[in-house]
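Asks: Work out the full structure: start from the sequences and follow the hints.
Sequences listed follow chains A and B, in order. Per the working numbering, numbering of the first sequence is gapless, rising by one per residue and ending at 212. Per the working numbering, numbering of the second sequence is gapless, rising by one per residue and ending at 212.
Just so you know, not all the hints are guaranteed correct.
A pair holds if it fits inside one copy or across any two, identical chains being indistinguishable in the list.
[What the hints assert, rightly or not] Taking lysine-lysine and the DSS-like style, the derived pairs with C-alpha atoms no more than 25 Å apart in a straight line are:
# : residue 1 : residue 2
1 : Lys68     : Lys195
2 : Lys195    : Lys92
3 : Lys150    : Lys92
4 : Lys150    : Lys195
5 : Lys68     : Lys129
If you are wondering where the hints come from, they were derived from the structure by calculation, not from laboratory data. Only a predicted model underlies this, so the values are computations on that prediction, with no experimental measurement involved.
Protein chains: 2
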Amino acid sequence: MAQGQVTVTPDDGRTTRQRRHTPLVVVHSGAGKGKSTAAFGLALRGWNQGWSIGVFQFVKSAKWRIGEEEALLALDEVHRTTGKGGPVEWHKMGSGWSWSRKAGTEEDHAADAQEGWAEIKRRLAEETHQLYVLDEFTYPIKWGWIDPEDVVTTLRERPGYQHVVITGRDPHPALLEIADVSTEMTKLAHPFDKGQKGQKGIEW
Amino acid sequence: MAQGQVTVTPDDGRTTRQRRHTPLVVVHSGAGKGKSTAAFGLALRGWNQGWSIGVFQFVKSAKWRIGEEEALLALDEVHRTTGKGGPVEWHKMGSGWSWSRKAGTEEDHAADAQEGWAEIKRRLAEETHQLYVLDEFTYPIKWGWIDPEDVVTTLRERPGYQHVVITGRDPHPALLEIADVSTEMTKLAHPFDKGQKGQKGIEW
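Replies: Listed below in structure tokens is the structure:
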């Protein structure tokens with residue numbers, strides 16, 4: 009296929025080798041399916057490179073990603089027991105972020121989202137992971153909980169070699185502007201339209 | 009999100025439970041990235057359900073999926089050693105299909121593709137897998153090597169509970185017609201446009 013073909017010869021003073029090691033911001037948007045599944049597919053590639061993978065789920069709907077979570081944590085276990093691949097961490101909002109010991113007595117989704125983003129900023133500064141999956145991260149931005157300018161500035165100025173994949177509908181225009189790869193998943197046909205409800209293995 | 013919402017109340021005489029256990033044909037098309045990665049993300053969900061997963065790569069570009077192959081085969085190993093998840097098989101055209109002992113002396117891609125499809129038909133008849141990933145399967149159909157009517161009839165009449173995911177650009181209209189879920193990946197931005205070449209972990 010044409011995937012490896014370069015359509016423009018760049019004139020940016022960088023070598024091919026330098027361009028091959030450019031950390032990317034990837035955005036998966038659109039109303040179709042596949043935004044998150046494609047992000048987790050990228051995590052498989054990163055895992056095989058030995059990268060540290062950090063997944064951060066920004067919307068409370070734990071059951072929807074359980075398949076990917078179980079599989080990626082099984083790969084983390086493979087890494088810890090055999091040295092193959094890389095480590096994987098999976099953090100989710102809702103009942104409190106995994107790194108936080110805060111009891112989830114009172115639900116404040118805006119504060120939870122902000123806490124998640126603050127942790128991601130710390131990790132980007134410390135170069136903790138090589139691949140960050142910020143799943144459904146477009147929504148807390150859309151809902152006004154997280155400042156898009158802060159996100160854009162943080163991503164632009166992140167040090168080292170850190171890829172960031174962001175999923176969700178209606179990404180803020182500033183996000184699309186800094187994206188190196190941006191794919192819109194468009195729905196052509198979907199069983200929900202025919203009254204088909206979600207089923208295990210397919211939806212979660 | 010609205011993912012779980014049913015927009016139409018069906019009038020097909022089936023119960024919700026029956027509709028929840030409908031085997032699906034899923035098509036990922038379009039010029040954007042994520043067609044295959046999303047298919048492999050679905051494989052993670054299926055693996056966690058204990059499904060048997062069969063991956064069939066229909067285009068000779070082995071290096072492009074090495075990350076997913078290594079990671080999914082590691083999950084197969086997890087299944088074999090711990091019983092967790094399901095088995096995964098990975099077959100690729102090019103140097104000969106894994107089940108075939110034929111030496112790849114003379115390259116005949118059309119014959120290879122036809123051999124692959126014949127094996128998938130046998131497996132569908134025997135209900136070998138619960139999830140089939142037919143990666144880049146749109147191309148041998150497009151190139152006239154495999155009869156789209158045969159594909160459509162086979163998929164329509166497949167027995168039991170077998171999901172089939174097909175990826176690739178320009179799917180034959182008959183394929184789109186029988187698809188239960190069809191997503192088009194549209195490119196909004198891509199580093200190849202800026203002269204960025206593929207890099208490991210992201211492209212393969």
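Asks: Indicate, hint by hint, whether the structure satisfies it.
Replies: Status of the hints after comparison with the structure:
no.: 1; hint: Lys68 <-> Lys195; in the structure: within (23 Å within a copy, 28 Å between copies)
no.: 2; hint: Lys195 <-> Lys92; in the structure: neither (37 Å within a copy, 33 Å between copies)
no.: 3; hint: Lys150 <-> Lys92; in the structure: neither (38 Å within a copy, 38 Å between copies)
no.: 4; hint: Lys150 <-> Lys195; in the structure: both (21 Å within a copy, 22 Å between copies)
no.: 5; hint: Lys68 <-> Lys129; in the structure: within (21 Å within a copy, 41 Å between copies)
Consistency note: the structure conflicts with the earlier hints numbered 2, 3.
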